[in-house]
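Chains A and B supply the protein sequences, listed in that same order.
Under full-length UniProt numbering, think of the first position of the first sequence as 1, with each following residue one higher.
Under full-length UniProt numbering, think of the first position of the second sequence as 1, with each following residue one higher.
These are computed hints drawn from the structure, not numbers from a lab.
Fair warning: there could be bad hints in the mix.
What the hints assert, rightly or not - To be clear about the criterion: a stretch of chain A counts as covered by chain B if any three or more of its residues have a C-beta under 8 Å from a C-beta of chain B, and this derived list gives those stretches: (1) 175–186; (2) 318–327.
Said to hold, decoys possible - When the alpha-carbon atoms are kept at most 30 Å apart in a straight line, the in silico DSS-like pairs for lysine-lysine are as follows: (3) 171/B / 160/A; (4) 171/B / 163/A; (5) 321/A / 381/B; (6) 160/A / 162/B; (7) 171/A / 330/B.
As the structure is a prediction and not an experimental result, all values here were calculated from the model.
Ideal Cβ positions, reconstructed from N, Cα and C, are used throughout, including at glycine.
2 protein chains.
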Amino acid sequence: MSSYHPLTLDEAMQLSRTVLDLFDANSELTCQEIGDGNLNLVFHITDTNSRNSVIVKQALPYAKIVGESWPLSLDRARIEREILQEEYRICPGSVPQVYYYDDELALTIMEDLSDHVIMRKGLIEGNHYPLFSKHIGEFMARTLFYTSDLAMDQSLKKEKVKKFVNPDQCKITEDLIFEEPYRFSERNNYSPSIEDEAEALRTDHELHLEIAILREKFLTQAQALLHGDLHTGSIFITPESTKVIDPEFAYYGPIGFDIGAILANLLLHYVSVPGWVRGEAAVSAREEELLLMVQNVWTEFERSFCELWDQDVQDYMARTKGYQEFYVAKLLQDSAGYAGSKMIRRIVGLAHVADIDTINDETIREQAERKALSIGKNLVKNHRKITSITDFMNLVIDASKGKVGQR
Amino acid sequence: MSSYHPLTLDEAMQLSRTVLDLFDANSELTCQEIGDGNLNLVFHITDTNSRNSVIVKQALPYAKIVGESWPLSLDRARIEREILQEEYRICPGSVPQVYYYDDELALTIMEDLSDHVIMRKGLIEGNHYPLFSKHIGEFMARTLFYTSDLAMDQSLKKEKVKKFVNPDQCKITEDLIFEEPYRFSERNNYSPSIEDEAEALRTDHELHLEIAILREKFLTQAQALLHGDLHTGSIFITPESTKVIDPEFAYYGPIGFDIGAILANLLLHYVSVPGWVRGEAAVSAREEELLLMVQNVWTEFERSFCELWDQDVQDYMARTKGYQEFYVAKLLQDSAGYAGSKMIRRIVGLAHVADIDTINDETIREQAERKALSIGKNLVKNHRKITSITDFMNLVIDASKGKVGQR
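Excised from the complex, chain A in its bound form (with noise of 0.2 Å):
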């Protein structure tokens, strides 16, 4: 096969029987697609036989958002099939195993996760992941730290960051994330019954300068190959095992950036838990787990990172007395801010998460958001005054209980 078309269901049987030693000649093979049909075509094949499956993931040369079609480059494709074989090799059993791609059809066979769920869907059931912290902190940790200019040649280094420029992926962040919430924009959306808080984010010129500062750093700073988009529909979970998939924004990037998303999407999930869990007692326990896991994904990726350094740290200025400390202190810092800015953006920009989204009580439903947007905001305006993971704590529980002002 080759020059690009999305595939047909017969089609992408057809290439796995072909190109994969995983189905025989006797297999009888099944054919799904599940993907949701906005930027790729994700095909779940099964041979009913030897029940062996694997995922065929297709890119779409669009993103449908509201209605239109945003033209997207292929290649995001081809970047994501080199980041999965990528973190494979430098976090072993993290992602899904590729089996075979196709750069020209913007195609990949890979790993079918499906014993996992997506860790959304997870903790909106109220499941419990008491490994997920470890487990993430330390994909984190090992991807970031590998990828940086702490472990890698500089030249060898700089030619990743080439061969990883990834602009279309880049200007859905740059405007969704770091433009638009913070002014009228046609793809903002959010409920009527909190105008006065999408107003107070466009005039909020404190707000905005920090803004502003986070996204010059993640518009300049090549300092690792991120995920881009480590949220918690990225997932894939089971209580005893985490694997990260969907790498297609992954660009040369502020390490806090990944942090960010993972400690987003955890807080989210948070001010989202009275619209899922009955009785004030095991709302407030759920709180606590949920705060712990937050704490503790900093924790252990923070414990991971500083014991890599210390093994293989290859930077010969880097090994001087202090420069660890002061390196860490700057990605809790932007960690931080990442984590307020991407919550912003769920609660009055375009995406939103559905943690919150299908609570049905509009009350609870609006408490949530405006909590959300309260935590935000305390973590991006006191981002540069951070300097431990209690600061941090204590910037969202003051949020969570009102103690800053909401205008």
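Got chain A; can you put chain B on it based on the hints?
Just chain B now, kept in the frame of chain A:
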């Protein structure tokens, strides 16, 4: 012509006659190779009838340093001529005009500027350049502003980052400026009389921390398209005119790196003044003139950069009140840090400056070297605390009066 080989004088003349309209059938060409043979061949070709002349510059596939050769990518010739064309467009008349190029031969034919002198030489001869600060301040403001995310479409900027990834040239900077002066290295080069200073550089952890921070910024921050090697040996000058040459180190980096290079080289000349100027009053007048130039380079840059920003900023969030002040304040801090690190490396590292090295009197030369190190260290150690150009000048003046310890 095609496929790379170093040109002979005859080939350089023949090529110029063939591809340029400047030389007609009656022209009588003469050709001299005037490069230092280190990195490039530089042919100066003149028509003895019309007096028309051009420069043919061809990259060599290595750098000859300390007897050995260091392989270099010929791609730097492509980078250099593209940058010259770009700078000519952004800041007309500030660089030699490109008449012709052949990327396969790694060769550019350009405007002859031999009515100008190399600024370093002009300064050593005691010449005055009253317009320099204004010219170079505007050159840097225009070239850096218009290639940054402030003024460019961010997707196009990313493509440009990709185009000017320049690992070989950056490696030279990374090794020679941000590492070797701070450890034992065979390439370090200083007289035994300042061994105490060299040892202090190797053991000063406070200094190493700041160098590590500046190094990381150089490695990661794709802020604007830098010249990358903007010292007084890369500037052709007359009292009326300033032309910037040799942008083969160009790449996307922190804006303060270019500004710091200019400031450092003016300050390296400032410390050398007693080696050239006779009479205490004359020394003092020349020193004042140079300090004023240093201050004015920053002031003119800042004025012009802010003016361009106010007129032409494209980024929506960059219009936020207070953001310009924040951004420019950081540029001054970065400029101070890079100025200091460049001063240090020119004293103990591989490549020195003629301003100091050609001082005959050993005692005066040693004093100049110690003063340069003192200023350099003071700027590096305090760069993150600077809030105004007055702070910067005070760090210079204090250090040159010995008000900070040399160890």
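Results of checking the hints against the structure:
A stretch counts as covered by a chain when three or more of its residues have a beta carbon under 8 Å from one of that chain; for the segment 175–186 of chain A and chain B the count is 4, and the coverage holds. Judged by the Cβ-Cβ criterion of 8 Å, the segment 318–327 of chain A is covered by chain B as claimed, because 7 of its residues qualify and three suffice. About 15 Å separates the Cα atoms of residue 171/B and residue 160/A, which keeps this hinted pair within 30 Å; it holds. Taking the CA atoms of residue 171/B and residue 163/A, the gap is near 19 Å; set against the 30 Å cutoff, the hint holds.
Between residue 321/A and residue 381/B the CA atoms are separated by roughly 15 Å; this keeps the pair inside 30 Å, and the hint holds. Of the supplied pair hints, the one linking residue 160/A and residue 162/B holds, its CA atoms being roughly 10 Å apart against a limit of 30 Å. As the CA atoms of residue 171/A and residue 330/B are separated by approximately 25 Å, the hinted pair is consistent with the 30 Å bound.
Checked against the numbered hints above, the structure violates none of them.
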